[in-house]
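These protein sequences, in sequence, are chains A and B. By my numbering, the letter at position 166 of the first sequence is numbered 166, and the numbering carries on one by one without gaps. By my numbering, the letter at position 525 of the second sequence is numbered 525, and the numbering carries on one by one without gaps.
Read the hints as simulated data drawn from the structure, not as lab findings. Careful, some of the hints might be misleading.
Claimed, not checked - Derived pair list, reagent style BS3-like, types lysine-lysine, alpha-carbon separation capped at 27 Å: (1) A:K80 - B:K601; (2) B:K175 - B:K91; (3) B:K456 - B:K541; (4) B:K456 - A:K125; (5) B:K393 - B:K304; (6) B:K91 - B:K128; (7) B:K601 - B:K574; (8) B:K304 - A:K80; (9) B:K541 - B:K246.
Fair warning: this is a prediction, and the values are worked out from it, not measured in the lab.
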Amino acid sequence: MPQVTLSVNGKSHTVEVEGRTLLVELLRERLRLTGTHVGCDTSQCGACVVHIDGESVKSCTILALQADGTQVTTIEGLAKPDGTLHPMQEAFREYHALQCGFCTPGMVMAAIDLVQKHPAGLSEKEIREGLEGNLCRCTGYHNIVKAIAAAQDVMHGRRSELARAEAAE
Amino acid sequence: MNVVAPFEGIGVSVKRKEDLRFLSGRGQYTDDIVRPGQTYAYILRSPHAHARINRIDTAAAQASPGVVAVYTGADLAAIGGLPCGWQIHNKDGSPMAEPKHPVLAEGKVRHVGDPVAVVIADSRERAKDAAETILVDYEVLPAAATMQAALAPGAPAIHDGIAGNLCYDWHIGDKAVNDAAFAAAAKVVTFETTNNRLVPNAMEPRAAIGDYDTTTGEHTLFTTSQNPHVIRLLMGAFVLQIPESKLRVVAPDVGGGFGSKIYHYAEEAIVTWAAARLGRPVKWTADRSESFMSDAHGRDHVTKASLALDANGKILALRVHTQANMGAYLSTFAPCVPTYLYATLLAGVYTTPTIYCEVKAVFTNTVPVDAYRGAGRPEATFLLERLMDVAAKETGIDRVELRRRNFIPADAFPYQTPVALQYDSGDYQSTLDEALATADWAGFEARRAEAARRGKLRGIGVSTYLEACGIAPSAVVGSLGARAGLYEVGTIRVHPTGSVTVLTGAHSHGQGHETTFAQLVSDRLGVPVAQVDVVHGDTAKIPFGMGTYGSRSLAVGGSAMFKAMDKIIAKGKKIAAHLMEASVDDVEFDRGTFRVAGTDKTKSLGEIALTAYVPHNYPIEEIEPGLDETAFYDPKNFTYPGGCHIAEVEIDPDTGRVAVVQFTAVDDVGRVINPMIVEGQVQGGVAQGIGQALLEHAVYDTNGQLLSGSMMDYTMPRADDLPNVGVATHTTLCTHNPLGVKGCGEVGAIGSPPAVINAVVDALRDYGVSHVEMPATPDRIWGIINAGRKMAAE
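Using the sequences and the hints, build the whole thing.
Next up, the structure:
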């Protein structure tokens with residue numbers, strides 16, 4: 001069987017895979033990084049989004065072999081070693097942007113890439129359009145959009161800490 | 001130093017305890033679990049809607065690399081069929097038709113996706129490869145893909161011995177009284193609609209792992225379920241004949257349910273049965289295409305209704321004829337959805353004196369249909385709230401005014417409807433007033449005019465609704481055909497050092513129970529939320545339970561915890577009285593402190609707990625050691641959340657696309673424990689309601705092929721399809737449960753679809769339409785506008 005060598009969350013792995021093995025299968029079943037989820041079979045839902053060399057990619061649409069030599073980051077690799085959450089993770093928690101948690105890893109990874117690609121900042125409309133590739137069935141996206149809007153200010157250094165969600169009535 | 005801990009009890013938006021694991025990829029969903037020596041099952045499914053199976057040749061599959069076993073219906077014929085949990089009776093008193101629902105097809109397939117064979121191999125891919133070599137000799141039969149086709153004379157018989165594909169012909173109400181009211185009416189309004197068929201599409205596909213301990217004879221099933229104890233009961237007792245003591249069902253983190261994960265599915269029985277037979281764990285995980293053709297669908301009603309009014313617009317009577325699609329087999333709770341969760345809701349928030357409803361449930365060659373978020377109540381609400389707008393138009397009475405004239409007044413509770421339910425509380429004028437103000441209903445015409453200047457058609461729609469949830473009083477549902485009790489179970493375990501573990505039979509698959517339930521306990525026992533852990537989803541850990549659906553977790557499950565806390569406090573008072581040398585009757589308890597009334601003598605809950613577990617100085621003759629109490633709570637009534645939803649839409653006349661530009665929800669869900677979580681529940685429900693109104697439709701062709709069978713074909717709401725959803729609550733307390741809570745999980749999906757369609761019809765008021773069917777797709781809207789333009793041109 002062919003071999004693939006890649007770095008996942010900073011750790012190097014060399015794994016034998018079948019030619020047809022998808023990157024998401026490598027991550028979930030071989031490396032046991034089960035934070036990356038599979039929610040569909042037509043590349044519609046985005047639950048499997050990871051970063052490959054800093055770009056968000058649906059890991060169900062790429063063969064493991066195609067990821068040879070790349071640096072992959074999954075949801076497990078986002079927080080600092082001391083447990084400090086990435087601002088996007090923190091914002092999702094603060095704004096109640098997750099319910100069942102299944103779409104969440106892909107949503108967070110996609111949102112980080114979206115924000116990084118727009119240093120000037122995103123409007124609500126742009127955030128909604130930017131999430132076109134990710135499905136959530138629980139939240140209605142309302143709080144996801146608010147979380148991303150809050151996280152971008154921290155990620156771009158416009159605020160030192162996250163704006164807190166307004167207390168609900 | 002006196003540090004005052006922040007109050008984390010009832011009414012505070014405490015951040016969720018469960019979020020950290022989900023946000024860091026450490027949730028554990030069923031497919032994340034790997035059992036030693038695990039094998040993988042792949043289910044071969046029927047490509048035909050209706051066919052006889054003449055022969056199945058599995059020889060090549062058996063010999064394929066990595067294959068451990070191949071099974072067909074013949075191998076499983078000795079085990080029971082999948083049971084139905086609710087029996088409806090026909091008008092003549094005879095029971096409904098209840099055909100066998102085999103785990104694997106026996107001689108015939110009845111819908112696309114019906115399981116035919118299972119291949120078990122050492123990898124998912126090898127199981128799938130082998131399945132492709134199975135030869136099934138199908139004799140394709142004519143299919144009845146719609147209710148109209150299934151009820152037509154000469155329609156193909158889906159099940160032997162079931163005449164006309166009719167499951168039941170049921171009714172409620174006094175027809176003679178109803179007829180008389182119609183005869184005396186000043187105005188009769190009629191309305192017909194199809195409530196579109198939906199695919200629930202929780203983001204986590206279903207999965208199941210069977211495991212078997214050959215030394216103890218214990219079976220374990222890990223499954224994506226909303227109610228593990230119900231699965232244990234149904235599968236153990238009716239399908240596989242495994243005693244409860246030898247069957248453990250675990251529903252770990254579950255990625256959304258919305259009803260679709262209530263039911264006992266074939267795959268659960270297959271992996272449990274096969275694991276024991278093979279002595280190895282067997283895992284099955286659906287891919288999304290399988291979900292589309294094997295998860296129970298929702299809705300799918302065809303209805304004709306008439307509303308009788310007097311000259312002042314007061315409703316005199318409602319008459320409804322509904323056909324409800326059951327699909328090819330009866331899913332676990334399917335028969336109750338179009339009857340006791342639908343027809344009993346037809347009074348809505350109105351003082352309708354007489355209601356008659358008949359329901360025909362029909363078998364078709366489609367996936368079974370069962371409860372999906374709201375279940376029957378969205379169908380009833382859509383019907384009523386469209387009827388009110390049609391009636392307003394035909395009588396010339398303003399649509400808001402017509403609703404006000406017919407509201408059950410706030411001082412009329414408890415209110416007995418003519419369709420069995422007795423509402424305990426509500427205030428429909430107030431929720432309407434608040435929603436109208438928030439949505440700036442009065443200022444709408446200016447916004448319509450402004451939109452018109454931009455070439456857009458703007459409309460506004462209102463829906464005033466009610467639902468029955470907190471399911472359900474066991475004696476009541478038992479008398480209506482339920483084959484189970486619908487109480488809930490809660491255990492409060494106070495540990496020796498004062499931290500608390502809560503065991504609940506409810507199941508969280510997104511609702512945030514680990515937080516809300518911890519707040520309930522924190523509020524009453526004065527223990528910080530961080531020291532209250534909630535355990536759910538494992539029959540080996542939790543005494544019993546009926547699970548989560550019908551917005552019941554807090555109203556029924558929370559009430560069980562409350563009752564268990566009553567017992568903790570009562571026992572604690574006895575211990576405290578002993579320690580403080582006082583009479584039990586003089587001991588008061590408030591948020592973690594036992595006090596001798598009128599004195600400064602106190603003991604903390606922690607001190608009492610330690611004493612209970614280290615009973616050196618203890619009233620041992622009177623009470624047992626320990627501080628661990630369980631309560632079963634059976635609700636006295638349903639709960640009745642209600643409120644008002646207002647949608648504002650803009651239609652692009654060139655494309656027919658409808659955009660919901662503003663949405664206001666003012667809901668009465670009873671007492672609110674965590675406002676943040678309630679808002680999230682309503683927003684999510686509204687998103688599914690807007691999905692039903694504008695985007696989603698499970699479409700079969702006349703041969704029974706599911707055309708919208710993937711996420712590329714079935715339109716799921718995306719972020720840019722939806723508006724921000726403004727949510728407010730206006731509380732009247734439930735009068736019959738100890739928490740005053742009503743439930744918030746389904747209100748969004750129930751109240752919103754008619755608000756959206758009422759707005760769409762309002763936007764199209766110049767195009768001569770009185771109704772637009774769901775989903776109001778661009779194609780449908782463009783057709784209406786184009787026909788209207790043609791009319792204008794001619």
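Taking the hints in turn, this is what the structure says about them:
1. A:K80 - B:K601: violated (48 Å)
2. B:K175 - B:K91: holds (12 Å)
3. B:K456 - B:K541: violated (58 Å)
4. B:K456 - A:K125: holds (19 Å)
5. B:K393 - B:K304: holds (18 Å)
6. B:K91 - B:K128: violated (47 Å)
7. B:K601 - B:K574: Holds - the C-alpha atoms of B:K574 and B:K601 are around 15 Å apart, at most 27 Å.
8. B:K304 - A:K80: violated (60 Å)
9. B:K541 - B:K246: holds (14 Å)
Consistency note: the structure conflicts with the earlier hints numbered 1, 3, 6 and 8.
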